[in-house]
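*Asks:* Chain residues, written in single-letter form:
Protein chains: 2
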Amino acid sequence: MATPLYQTVIDTIVARIASGELPSGALLPSETQLGAELGVSQGTARKALSELEKRGLVQRAQGRGTFVTLRTPEMSLFNFFRLRSPDGTLTAPELVSETVIRRQATAEERAALFGRPEEVIEIRRVRSVGGRRTTHERSCLPPALYPGIVDRAPLPNALYVLYQRAYSIIIVRADEKLRAVGAPADVAAALELGEGAPVLLMRRAAVDVLDRVVELRVCHLVSEGLDYFVTLS
Amino acid sequence: MATPLYQTVIDTIVARIASGELPSGALLPSETQLGAELGVSQGTARKALSELEKRGLVQRAQGRGTFVTLRTPEMSLFNFFRLRSPDGTLTAPELVSETVIRRQATAEERAALFGRPEEVIEIRRVRSVGGRRTTHERSCLPPALYPGIVDRAPLPNALYVLYQRAYSIIIVRADEKLRAVGAPADVAAALELGEGAPVLLMRRAAVDVLDRVVELRVCHLVSEGLDYFVTLS
Numbered sequence: 001m002a003t004p005l006y007q008t009v010i011d012t013i014v015a016r017i018a019s020g021e022l023p024s025g026a027l028l029p030s031e032t033q034l035g036a037e038l039g040v041s042q043g044t045a046r047k048a049l050s051e052l053e054k055r056g057l058v059q060r061a062q063g064r065g066t067f068v069t070l071r072t073p074e075m076s077l078f079n080f081f082r083l084r085s086p087d088g089t090l091t092a093p094e095l096v097s098e099t100v101i102r103r104q105a106t107a108e109e110r111a112a113l114f115g116r117p118e119e120v121i122e123i124r125r126v127r128s129v130g131g132r133r134t135t136h137e138r139s140c141l142p143p144a145l146y147p148g149i150v151d152r153a154p155l156p157n158a159l160y161v162l163y164q165r166a167y168s169i170i171i172v173r174a175d176e177k178l179r180a181v182g183a184p185a186d187v188a189a190a191l192e193l194g195e196g197a198p199v200l201l202m203r204r205a206a207v208d209v210l211d212r213v214v215e216l217r218v219c220h221l222v223s224e225g226l227d228y229f230v231t232l233s
Numbered sequence: 234m235a236t237p238l239y240q241t242v243i244d245t246i247v248a249r250i251a252s253g254e255l256p257s258g259a260l261l262p263s264e265t266q267l268g269a270e271l272g273v274s275q276g277t278a279r280k281a282l283s284e285l286e287k288r289g290l291v292q293r294a295q296g297r298g299t300f301v302t303l304r305t306p307e308m309s310l311f312n313f314f315r316l317r318s319p320d321g322t323l324t325a326p327e328l329v330s331e332t333v334i335r336r337q338a339t340a341e342e343r344a345a346l347f348g349r350p351e352e353v354i355e356i357r358r359v360r361s362v363g364g365r366r367t368t369h370e371r372s373c374l375p376p377a378l379y380p381g382i383v384d385r386a387p388l389p390n391a392l393y394v395l396y397q398r399a400y401s402i403i404i405v406r407a408d409e410k411l412r413a414v415g416a417p418a419d420v421a422a423a424l425e426l427g428e429g430a431p432v433l434l435m436r437r438a439a440v441d442v443l444d445r446v447v448e449l450r451v452c453h454l455v456s457e458g459l460d461y462f463v464t465l466s
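Each protein sequence line maps, in turn, to chains A and B.
Each residue of the first sequence is one higher than the one before, counting from 1 in the numbering used here.
Each residue of the second sequence is one higher than the one before, counting from 234 in the numbering used here.
Heads up, a few of these hints could be off.
To be verified - Going by beta-carbon spacing under 8 angstroms, a handful of chain A positions derived as facing chain B:
#: 1; residue: Arg152
#: 2; residue: Ala174
#: 3; residue: Asp175
#: 4; residue: Leu232
Since the hints were derived computationally from the structure, they do not count as laboratory data.
We put the CB at the ideal spot given by N, CA and C, even for glycine.
Make the full structure from the sequences, and use the hints.
*Replies:* This is how it looks when you write it as structure tokens:
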């Protein structure tokens, strides 16, 4: 089956966003300009922009044009860090400790990550909110996409912002699985909890603008006095 | 500040959907018809329809017009029941037991629910998936919106579908807070778990098409072998 024309327009714009040619906040060509440049009708260009808007990659401003969605560290924190006080207040987490290593990938990591890597970079962090240890986090990356990241440690708090600025990897979606578990011994020690205390286990696959799984993350989150906020619709 | 014209169009259509005048699946008037009927420009009608599409209330079908989003029991289950096998398979839950009572509202329920009710209807259910008890659920409703619901017991499995069909209450969003907790004694007994076993505590405020909080739900979910799936973006 032939690729529909508007899909070609979508792919072209996504590639330009991913390469940094169209950075965050940039103004896109008008529907007419896009149509002329890519040899499609204005209607096809409009359909492609609509679809990109639905995916959250671009935003239209009445009378001003269409812009690449501006992604800031604050937005990344707000969208992807869901642990809040019960009243919904978000406090930015602080780093307690960090280890970055390169190791063999597990079979599961190899199967899930983009490029089926033999090895992964593992970033292991303990983070705190308001002086209290709340998060034990292991993020696994395919090394080919993040050259030299091991040498960048200590890494900034907002990893997704680093991925975008240093590697042009733009996370647009995270698929998560949550469960309640008793804290394993190493997690309990790191979070200063009793072994077996109930903690939220979150396993996340982060997907970038090119629809690649570019990070797997396993977090244990303290639950006492904190909630994990989500909205379903 | 005056209400923008397109907001008036939105409110009119939402009211028609909520009253059942425009039922699920119904074809909406065209932009031109809407504009003529409500005395606004076609552009204003288009903007209102775009906004309603963004909120998921209507869907456009190329060349066929705009329709009220079809909501089926399957969609309600798929969107709002997030407990799945680790591979993502969704099995519809079955009812193990149900109690429906009317009681005094707590201060918290009164503050959160639409109409600030003095009393609430509480629906207490235990549900199972594949023969295993997985869910202990307490749903609280403001009685004024659900006349006679106590006499309808036993209630159907998909409560949101009942709300829509019997009371024209259309749930469009659920704000949830999740934590890991040790199972309290009553929950542990109902779910056949050891007291203190880690379970997922989910507290949900369900919001309808008129932006009213029409149900508060507190669920305890078994975590062993099951995941709670969410997508962030």
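*Asks:* Each hint should be assessed against the structure and marked as holding or not.
*Replies:* To see whether the hints hold, each was checked on the structure:
The closest approach between the C-beta of A/Arg152 and any C-beta of chain B is roughly 25 angstroms, which is over the 8 angstroms cut-off, so the hint fails. For A/Ala174, the interface hint holds, the least distance from its beta-carbon to any beta-carbon of chain B being 4 angstroms, beneath 8 angstroms. Satisfaction of the interface hint for A/Asp175 is found here, the shortest Cβ-Cβ separation to chain B being roughly 5 angstroms, below the 8 angstroms cut-off. A least Cβ separation of about 4 angstroms between A/Leu232 and chain B falls short of the 8 angstroms threshold, and the interface hint therefore holds.
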